[in-house]
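So the sequences go chain by chain: A and B. Take 1 as the starting number for the first sequence in my numbering and just add one per residue. Take 1 as the starting number for the second sequence in my numbering and just add one per residue.
For the record, the hints were derived by calculation from the structure and aren't laboratory data. Where hints are given, some of them may not hold.
What the hints assert, rightly or not - To spell it out: a stretch of chain B is covered by chain A in this simulated footprint if at least three of its residues, at any positions, have a beta carbon under 8 Å from a beta carbon of chain A; those stretches are: (1) 47-56; (2) 74-80; (3) 206-214; (4) 235-248.
Stated by the list, open to error - Computed far set for chain A versus chain B, every beta-carbon distance over 12 Å: (5) Gly4; (6) Phe36; (7) Phe38; (8) Lys43; (9) Ala55; (10) Val56; (11) Ile116; (12) Phe133; (13) Asp164; (14) Pro166; (15) Gln173; (16) Pro194; (17) Leu204; (18) Ser222; (19) Gly231.
In this text, a Cβ means the ideal position worked out from N, Cα and C, and glycines have one as well.
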Amino acid sequence: MLRGALSIVWRDLIVLRRSLFSELLAVVASPLTLFFAFGFGLKGYITAVDGVPYAVFIAPGLISMTAVLAAFEESAWSMWFHRRVQKTIEEYRVTPITVYDIVVGKLISGFTQGGIKGVAVAVVIFLITPFRFPLQNLSIYLLFIALGSMIFSCLGTICGTVMDKPENIGRIQSVVIMPLIFMSGIFFPLSSYPPSILPVIRLLPSTALFEGARTALLSGASSMLSLLILGGTAVVMFALAVVVFNRKIEE
Amino acid sequence: MPAALSLQGLSKRYGTLTAVDRFSLEVEQGTVFGLLGPNGAGKTTLIKMLTTLMRPTEGDAFIQGHSIVSAGKKVRELIGVVPQENNLDRYLTARENLVLHAKMHGIPPRDYRPRIDELLELTGLSGRRNDFPDTFSGGMQRRLVVARALVHQPRLLFLDEPTTGLDPQSRRALWDHVRTLRSRMTIFLTTHYMDEADSLCDRIVIMDHGKSLVDGSAAELKARYAHAHIYELEVRRDAQRYEELFSSLSAVTSLEREQNAFRIVLRDEESLKPLMDSMESGDIRRICLVEPSLEEVFLDLTGKAVRE
Ligand SMILES: Nc1ncnc2c1ncn2[C@@H]1O[C@H](COP(=O)(O)OP(=O)(O)O)[C@@H](O)[C@H]1O
Ligand SMILES: [Mg+2]
Numbered sequence: 001m002l003r004g005a006l007s008i009v010w011r012d013l014i015v016l017r018r019s020l021f022s023e024l025l026a027v028v029a030s031p032l033t034l035f036f037a038f039g040f041g042l043k044g045y046i047t048a049v050d051g052v053p054y055a056v057f058i059a060p061g062l063i064s065m066t067a068v069l070a071a072f073e074e075s076a077w078s079m080w081f082h083r084r085v086q087k088t089i090e091e092y093r094v095t096p097i098t099v100y101d102i103v104v105g106k107l108i109s110g111f112t113q114g115g116i117k118g119v120a121v122a123v124v125i126f127l128i129t130p131f132r133f134p135l136q137n138l139s140i141y142l143l144f145i146a147l148g149s150m151i152f153s154c155l156g157t158i159c160g161t162v163m164d165k166p167e168n169i170g171r172i173q174s175v176v177i178m179p180l181i182f183m184s185g186i187f188f189p190l191s192s193y194p195p196s197i198l199p200v201i202r203l204l205p206s207t208a209l210f211e212g213a214r215t216a217l218l219s220g221a222s223s224m225l226s227l228l229i230l231g232g233t234a235v236v237m238f239a240l241a242v243v244v245f246n247r248k249i250e251e
Numbered sequence: 001m002p003a004a005l006s007l008q009g010l011s012k013r014y015g016t017l018t019a020v021d022r023f024s025l026e027v028e029q030g031t032v033f034g035l036l037g038p039n040g041a042g043k044t045t046l047i048k049m050l051t052t053l054m055r056p057t058e059g060d061a062f063i064q065g066h067s068i069v070s071a072g073k074k075v076r077e078l079i080g081v082v083p084q085e086n087n088l089d090r091y092l093t094a095r096e097n098l099v100l101h102a103k104m105h106g107i108p109p110r111d112y113r114p115r116i117d118e119l120l121e122l123t124g125l126s127g128r129r130n131d132f133p134d135t136f137s138g139g140m141q142r143r144l145v146v147a148r149a150l151v152h153q154p155r156l157l158f159l160d161e162p163t164t165g166l167d168p169q170s171r172r173a174l175w176d177h178v179r180t181l182r183s184r185m186t187i188f189l190t191t192h193y194m195d196e197a198d199s200l201c202d203r204i205v206i207m208d209h210g211k212s213l214v215d216g217s218a219a220e221l222k223a224r225y226a227h228a229h230i231y232e233l234e235v236r237r238d239a240q241r242y243e244e245l246f247s248s249l250s251a252v253t254s255l256e257r258e259q260n261a262f263r264i265v266l267r268d269e270e271s272l273k274p275l276m277d278s279m280e281s282g283d284i285r286r287i288c289l290v291e292p293s294l295e296e297v298f299l300d301l302t303g304k305a306v307r308e
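Please build the complete structure, drawing on both the sequences and the hints.
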């Protein structure tokens, strides 16, 4: 069943390889800017969060953010482009592959892009800043990022499927995606929230993702609840992406 | 052996508009079948249903005996599709476009490599195999789309307006290519060019408003439906006087003149005699009957040339 999905991934990787350098340059720029602005610029004002130096506190979040944003963007734009501009989705659909192949293929591509770009940002942060973490924590951190990329990739697939106008994808990004990311404990600890709304924030999948990932990377502890929320969300989003795509595509 | 294609009451409605209206049809193996119709007749909608891109509102169709509704995957193994608009991947080279198609059909590299080389050779794109399709002319892009549809050696090839927008040379080249395919597969093409249908197709169906109007070979359609009796007549002298004379005859339904040459449409066969009687026999340089063309059949049936 995966043959079709892998063909699509093969295509996306060829295309990515051709523009890899410029893509990486662009993707590293924005988290690094944030890192310098907040991590260094504000260093004198915020010394430590829960005993962790502020620059170290935000570094994992910036890496996670890069990965999931890249996953979202790749899935959304690529689905939109292949559907509306090139109409290549129609070419895919007259070959004996299934709707699952197309959705799964686009997911894996989004996911791979997220992974590659996240690693790029991590490497740069690692090279030019004093940020260090225990290496044995990496695997559990990657599990968080994998689930997060999957969720955002599904979300992107859905946006790219239902939205015919490209500007709407940009709007979703600034109205839904960015607030979700900024509210979820990347730049400030959750303890800053008033206790009354904290339980709601904790239930957001994005909180489970960013908070969970940072905790995992810095301390090695993994929250079972966060993983469950992420896993559940990923399954629901995937089902939703398949259903939405199937509906839309048959007109 | 089942029919290559069998449509059974196939319909598609967009809201209140019925784009394809209970269409039924059987196409035999090895036929070059032409679906002719003005813009908006429903040709593309019909092809989209047959190629499983769109679900019919009603009815079903069978490709080599497989239902487009319940056996879509099997159907897609058997068909090649050249859509109305080129849908090449502009981020892949010409060759990579074909390789991706082969991969989606599950063809192993040792089989698709020679096949793709051969197709690129056949379509005259060998020299441009590593170039991106947006650097190609319209004709080259079209040939690449055709090559892509042939990679997996389909049993039934759908071509939706294959030559619309191409220059005359590219059209001829594409026709020649299609002719070489007819021995190996059934071909289903749509067009609104009469000459294309006339020179390529074994069988023609003219459709409009989602319905089939006539069905037959080009020769049959002309014999059956072209009622007009058109003559070309050239006179030696007095063209001006003859023009006035002809236009006063009730047997003449329409008249065009260019210098000494007339194009005359007569009401019926019997009208030729009164026309000849009205003339001095020494004044006629040449008179001949014009072969009815498919264009007239088409105009007669759909009432228009090209609808926008
Ligand atoms: N997706 C659609 N939604 C609504 N109407 C459509 C759609 N696609 C085509 N139509 C209408 O259906 C009719 C048939 O269109 P089409 O199949 O494209 O004709 P053709 O290919 O013969 O030019 C036209 O009136 C067209 O406007
Ligand atoms: Mg059309």
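Do the hints match the structure? See the list:
no. : hint    : verdict
1   : 47-56   : holds (count 5)
2   : 74-80   : holds (count 4)
3   : 206-214 : violated (count 0)
4   : 235-248 : violated (count 0)
5   : Gly4    : violated (6 Å)
6   : Phe36   : holds (34 Å)
7   : Phe38   : holds (36 Å)
8   : Lys43   : holds (43 Å)
9   : Ala55   : holds (38 Å)
10  : Val56   : holds (39 Å)
11  : Ile116  : holds (17 Å)
12  : Phe133  : holds (37 Å)
13  : Asp164  : holds (16 Å)
14  : Pro166  : holds (17 Å)
15  : Gln173  : holds (23 Å)
16  : Pro194  : holds (49 Å)
17  : Leu204  : holds (36 Å)
18  : Ser222  : holds (38 Å)
19  : Gly231  : holds (31 Å)
Violated hints for the displayed structure, listed by number in ascending order: 3, 4, 5.
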